[in-house]
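Participant: Per the numbering used here, the very first residue in the sequence shown carries number -1; after that it's consecutive.
Rather than coming from a laboratory, the hints here were simulated on the basis of the structure.
Just so you know, even glycine gets a beta-carbon here, dropped at the ideal spot from N, CA and C.
Hints should not be assumed to be uniformly reliable.
Straight line, CA to CA, 20 Å or less: simulated SDA-like cross-link-like pairs of lysine to any residue [unchecked claim]:
(1) Lys27 / Leu43
(2) Lys36 / Ala52
(3) Lys57 / Cys28
(4) Lys36 / Ser71
(5) Lys57 / Thr15
(6) Lys58 / Leu19
(7) Lys36 / Ile72
(8) Lys27 / Ala68
(9) Lys57 / Pro47
(10) Lys57 / Val20
(11) Lys36 / Leu14
(12) Lys27 / Phe60
(13) Lys57 / Ala68
Simulated restraints on C-beta separations [said to hold, decoys possible]:
(14) Val20 / Val63: 14 to 24 Å
(15) Gly73 / Ala29: 34 to 44 Å
(16) Tyr(-1) / Gly45: 17 to 27 Å
(17) Ala74 / Asn0: 29 to 39 Å
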Amino acid sequence: YNGAEILFADIDPATLTMSPLVCRRILEKCAAEGRPVKAVITVDLAGHPWDMQAFALLKKEFGFVWFQDACHSIGASWEDNL
């Protein structure tokens, strides 16, 4: 047990992956309350990756550690990369 608090962000109905807009709201709320988010885990689903650019910007702005679960997208590509 590490004392972490787990927060869940809703999905984007178009991709069924975590919504960067909802994640931003959570990050802003936690920062305003003086308890900044330390890590975010994004998960691909059924071969559909989440919005990497949006989460890269959030990481840069809020400074969290970013874990990427790509188990569901083996062989998928993003910007012509596997």
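Participant: Give me the numbers of the hints this structure contradicts, sorted from smallest to largest.
Facilitator: Checked against the structure, the hints that fail are numbers 1, 4, 7, 8, 11, 16, while the rest are satisfied.
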